[in-house]
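Chemist: Dock chain E against the given chain G, drawing on the hints supplied.
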Amino acid sequence: MSKIKLTDKALRAAAVEYRDAMLAAMPEPEEPEFEPAPRYKSNMALLLRKMERKERLHRYSRRAAAAILVLVLGSGAFIALNGEVRADFSAWIRSTYENSVIYRYTASASNAPLPQCELTWFPEGYELVSRERGEDYFVMIYENNSGGGFMFTCNRMTESSLMQIGISKEFTSESLTVNNLDAELFRFQDGELSLVWIDNKSNFVYSLNSNSFDELGILHIAEGINIAK
Amino acid sequence: MLIYMALIDNDTDKSRFSVLHRKYEQFFFSIALGILRNRQDAEDAVQEAFLQLAKNIHKISDIHSNKTRSYLIIIIRNEALKIYNARKKHQEAQLPGDFYGEDDDYFTLSPISRAISRLPDEYRELMLLKYDNGLSSKEIAEIMGSTDGAIRQKLHRARALLNRELEREEAEL
Numbered sequence: 001m002s003k004i005k006l007t008d009k010a011l012r013a014a015a016v017e018y019r020d021a022m023l024a025a026m027p028e029p030e031e032p033e034f035e036p037a038p039r040y041k042s043n044m045a046l047l048l049r050k051m052e053r054k055e056r057l058h059r060y061s062r063r064a065a066a067a068i069l070v071l072v073l074g075s076g077a078f079i080a081l082n083g084e085v086r087a088d089f090s091a092w093i094r095s096t097y098e099n100s101v102i103y104r105y106t107a108s109a110s111n112a113p114l115p116q117c118e119l120t121w122f123p124e125g126y127e128l129v130s131r132e133r134g135e136d137y138f139v140m141i142y143e144n145n146s147g148g149g150f151m152f153t154c155n156r157m158t159e160s161s162l163m164q165i166g167i168s169k170e171f172t173s174e175s176l177t178v179n180n181l182d183a184e185l186f187r188f189q190d191g192e193l194s195l196v197w198i199d200n201k202s203n204f205v206y207s208l209n210s211n212s213f214d215e216l217g218i219l220h221i222a223e224g225i226n227i228a229k
Numbered sequence: 230m231l232i233y234m235a236l237i238d239n240d241t242d243k244s245r246f247s248v249l250h251r252k253y254e255q256f257f258f259s260i261a262l263g264i265l266r267n268r269q270d271a272e273d274a275v276q277e278a279f280l281q282l283a284k285n286i287h288k289i290s291d292i293h294s295n296k297t298r299s300y301l302i303i304i305i306r307n308e309a310l311k312i313y314n315a316r317k318k319h320q321e322a323q324l325p326g327d328f329y330g331e332d333d334d335y336f337t338l339s340p341i342s343r344a345i346s347r348l349p350d351e352y353r354e355l356m357l358l359k360y361d362n363g364l365s366s367k368e369i370a371e372i373m374g375s376t377d378g379a380i381r382q383k384l385h386r387a388r389a390l391l392n393r394e395l396e397r398e399e400a401e402l
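Protein sequences, first through last, are from chains G and E. Under this note's numbering, the first sequence has 190 at position 190, and the numbering climbs by one with no breaks. Under this note's numbering, the second sequence has 257 at position 28, and the numbering climbs by one with no breaks.
If we strip away everything but chain G, and leave its shape as in the complex, we get (with noise of 0.2 Å):
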């Protein structure tokens, strides 16, 4: 038996010192003249725009602190509320905590199918990169050249959704509707906007996202989203 022990820990100091030596021992390889086949520039270019489209969403996701979180817990799996409201939609439970705002779903889950959403009107200079669409669930995303963006999302609300709202930005809110519909905007300390609107008949909930508008201009593309069932 060797005087060294092998613990986790060493392996992988040693792993680190060997990879760098390796590293520093190898020959830059020859650059031979790379012109790929067609199908291969195909299936790469492909390949590069799922992973642009996914690492995208990603991006977006991880960022979020969140903005809106829509979860699908297990039946039986609500948390305790407190002072607890019957919001003005009436399968939804309305919550304000210091920091977020949790609508509590509770009636039985819409079988009607995902509607189709397409957005007559966003300003100039953006464009659609990336639509994900689930089961029970869409988003599509917009971005222009400098930076700017905004996302717009559809749930399907089962018995067990909960939608929280703000998590760890603090906030206002204020209702008000889009195309009839009830909605609250959230505006959050750091100038972001979530304007979250609920089809009651569908039990459908839209949200719009963005850091790049003001309220009119959240408004204005929320108003023109033609939303086909």
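Keep in mind that the hints were calculated from the coordinates and are not lab data. Treat the hints with care, as some may be off.
Once the Cα atoms are required to be at most 27 Å apart in a straight line, the calculated BS3-like pairs of lysine-lysine come out as [unchecked claim]:
{"id": "1", "chain 1": "E", "residue 1": "LYS296", "chain 2": "E", "residue 2": "LYS284"}
{"id": "2", "chain 1": "E", "residue 1": "LYS367", "chain 2": "E", "residue 2": "LYS288"}
{"id": "3", "chain 1": "E", "residue 1": "LYS311", "chain 2": "G", "residue 2": "LYS41"}
{"id": "4", "chain 1": "E", "residue 1": "LYS284", "chain 2": "E", "residue 2": "LYS311"}
{"id": "5", "chain 1": "E", "residue 1": "LYS288", "chain 2": "G", "residue 2": "LYS41"}
{"id": "6", "chain 1": "E", "residue 1": "LYS383", "chain 2": "G", "residue 2": "LYS5"}
{"id": "7", "chain 1": "G", "residue 1": "LYS50", "chain 2": "E", "residue 2": "LYS284"}
{"id": "8", "chain 1": "E", "residue 1": "LYS296", "chain 2": "E", "residue 2": "LYS383"}
{"id": "9", "chain 1": "E", "residue 1": "LYS367", "chain 2": "E", "residue 2": "LYS383"}
{"id": "10", "chain 1": "E", "residue 1": "LYS383", "chain 2": "G", "residue 2": "LYS3"}
{"id": "11", "chain 1": "E", "residue 1": "LYS367", "chain 2": "G", "residue 2": "LYS50"}
{"id": "12", "chain 1": "G", "residue 1": "LYS54", "chain 2": "E", "residue 2": "LYS288"}
{"id": "13", "chain 1": "G", "residue 1": "LYS5", "chain 2": "E", "residue 2": "LYS296"}
{"id": "14", "chain 1": "E", "residue 1": "LYS367", "chain 2": "G", "residue 2": "LYS54"}
{"id": "15", "chain 1": "G", "residue 1": "LYS50", "chain 2": "E", "residue 2": "LYS296"}
{"id": "16", "chain 1": "E", "residue 1": "LYS383", "chain 2": "E", "residue 2": "LYS252"}
{"id": "17", "chain 1": "G", "residue 1": "LYS54", "chain 2": "E", "residue 2": "LYS252"}
{"id": "18", "chain 1": "E", "residue 1": "LYS284", "chain 2": "E", "residue 2": "LYS367"}
{"id": "19", "chain 1": "E", "residue 1": "LYS284", "chain 2": "G", "residue 2": "LYS41"}
{"id": "20", "chain 1": "E", "residue 1": "LYS383", "chain 2": "E", "residue 2": "LYS284"}
{"id": "21", "chain 1": "E", "residue 1": "LYS288", "chain 2": "E", "residue 2": "LYS252"}
{"id": "22", "chain 1": "E", "residue 1": "LYS296", "chain 2": "G", "residue 2": "LYS54"}
{"id": "23", "chain 1": "G", "residue 1": "LYS41", "chain 2": "E", "residue 2": "LYS252"}
{"id": "24", "chain 1": "G", "residue 1": "LYS9", "chain 2": "E", "residue 2": "LYS288"}
{"id": "25", "chain 1": "G", "residue 1": "LYS5", "chain 2": "E", "residue 2": "LYS252"}
{"id": "26", "chain 1": "G", "residue 1": "LYS50", "chain 2": "E", "residue 2": "LYS252"}
{"id": "27", "chain 1": "G", "residue 1": "LYS54", "chain 2": "G", "residue 2": "LYS41"}
{"id": "28", "chain 1": "E", "residue 1": "LYS252", "chain 2": "E", "residue 2": "LYS284"}
{"id": "29", "chain 1": "G", "residue 1": "LYS9", "chain 2": "E", "residue 2": "LYS252"}
{"id": "30", "chain 1": "G", "residue 1": "LYS50", "chain 2": "E", "residue 2": "LYS311"}
{"id": "31", "chain 1": "G", "residue 1": "LYS50", "chain 2": "E", "residue 2": "LYS288"}
{"id": "32", "chain 1": "E", "residue 1": "LYS311", "chain 2": "G", "residue 2": "LYS9"}
{"id": "33", "chain 1": "E", "residue 1": "LYS311", "chain 2": "E", "residue 2": "LYS252"}
{"id": "34", "chain 1": "E", "residue 1": "LYS367", "chain 2": "G", "residue 2": "LYS9"}
{"id": "35", "chain 1": "E", "residue 1": "LYS284", "chain 2": "G", "residue 2": "LYS54"}
{"id": "36", "chain 1": "E", "residue 1": "LYS367", "chain 2": "E", "residue 2": "LYS311"}
Modeler: Frame of chain G; chain E shown alone:
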């Protein structure tokens, strides 16, 4: 289950995958061609390597680090070897990453690092993926085209081989 967390940010960083693709595509091709000696096969290996990278992109914290470079070398090398083995080509593989030189640098390494350098290729790479890249045996199995159980066994054997190498070196002193 988390459906999504939504917030717009101003992060205009390029996709990390795109950056790695630009940085390593030619390099990958060179390594794969060195092993396979066939451009079409090398392209296939490069493509497979980038697919592996796509699956594990979340594991990469610093795209410019030595840790990432070493990880990517292991990935492309393994993808090329999979093709090599599958197609039963008979040319001798030029394997990058071997570091057997017993020059001055070699003796500045710690005894465990020296022992790692003397392990067979496969075991050496397992040790790097496990202890440098921090991958689980399941994740290593995916890269190596093996199973979780087989990788656990091989990791166990690699540790035993390391021990034997250390004993041998101690006996020689």
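Chemist: Next step is simple, just say for each hint if it's right about the structure.
Modeler: The hints, checked one at a time:
1. E/LYS296 with E/LYS284: holds (17 Å)
2. E/LYS367 with E/LYS288: holds (14 Å)
3. E/LYS311 with G/LYS41: Holds - the C-alpha atoms of G/LYS41 and E/LYS311 are around 22 Å apart, at most 27 Å.
4. E/LYS284 with E/LYS311: It holds: about 18 Å lies between the C-alpha atoms, which stays within 27 Å.
5. E/LYS288 with G/LYS41: holds (25 Å)
6. E/LYS383 with G/LYS5: holds (19 Å)
7. G/LYS50 with E/LYS284: holds (11 Å)
8. E/LYS296 with E/LYS383: Holds - the C-alpha atoms of E/LYS383 and E/LYS296 are around 22 Å apart, at most 27 Å.
9. E/LYS367 with E/LYS383: Judged against 27 Å, a Cα distance of about 12 Å means the pair holds.
10. E/LYS383 with G/LYS3: With a Cα-Cα distance of about 23 Å, the restraint between E/LYS383 and G/LYS3 holds, given a limit of 27 Å.
11. E/LYS367 with G/LYS50: The hint holds at about 24 Å.
12. G/LYS54 with E/LYS288: Status holds; Cα separation ~15 Å.
13. G/LYS5 with E/LYS296: This hinted pair holds, its Cα atoms lying about 24 Å apart.
14. E/LYS367 with G/LYS54: Holds: E/LYS367 and G/LYS54 sit about 23 Å apart, inside 27 Å.
15. G/LYS50 with E/LYS296: Holds. G/LYS50 to E/LYS296 sits at ~25 Å (cutoff 27 Å).
16. E/LYS383 with E/LYS252: It is violated: about 32 Å lies between the C-alpha atoms, which goes past 27 Å.
17. G/LYS54 with E/LYS252: Within the cut-off at roughly 20 Å; holds.
18. E/LYS284 with E/LYS367: Satisfied, since the Cα-Cα distance of roughly 13 Å is no more than 27 Å.
19. E/LYS284 with G/LYS41: This hinted pair holds, its Cα atoms lying about 19 Å apart.
20. E/LYS383 with E/LYS284: holds (23 Å)
21. E/LYS288 with E/LYS252: holds (18 Å)
22. E/LYS296 with G/LYS54: holds (23 Å)
23. G/LYS41 with E/LYS252: Holds - the C-alpha atoms of E/LYS252 and G/LYS41 are around 16 Å apart, at most 27 Å.
24. G/LYS9 with E/LYS288: holds (20 Å)
25. G/LYS5 with E/LYS252: violated (39 Å)
26. G/LYS50 with E/LYS252: holds (18 Å)
27. G/LYS54 with G/LYS41: Status holds; Cα separation ~20 Å.
28. E/LYS252 with E/LYS284: Given that 27 Å is the threshold and the Cα spacing comes to 18 Å, the pair holds.
29. G/LYS9 with E/LYS252: violated (31 Å)
30. G/LYS50 with E/LYS311: holds (25 Å)
31. G/LYS50 with E/LYS288: Holds, at about 18 Å.
32. E/LYS311 with G/LYS9: This hinted pair is violated, its Cα atoms lying about 31 Å apart.
33. E/LYS311 with E/LYS252: Distance of about 23 Å is within 27 Å: holds.
34. E/LYS367 with G/LYS9: The given pair, whose Cα atoms are some 21 Å apart, holds under the 27 Å limit.
35. E/LYS284 with G/LYS54: holds (11 Å)
36. E/LYS367 with E/LYS311: holds (18 Å)
Hint violations for this structure: numbers 16, 25, 29, 32, all remaining hints satisfied.
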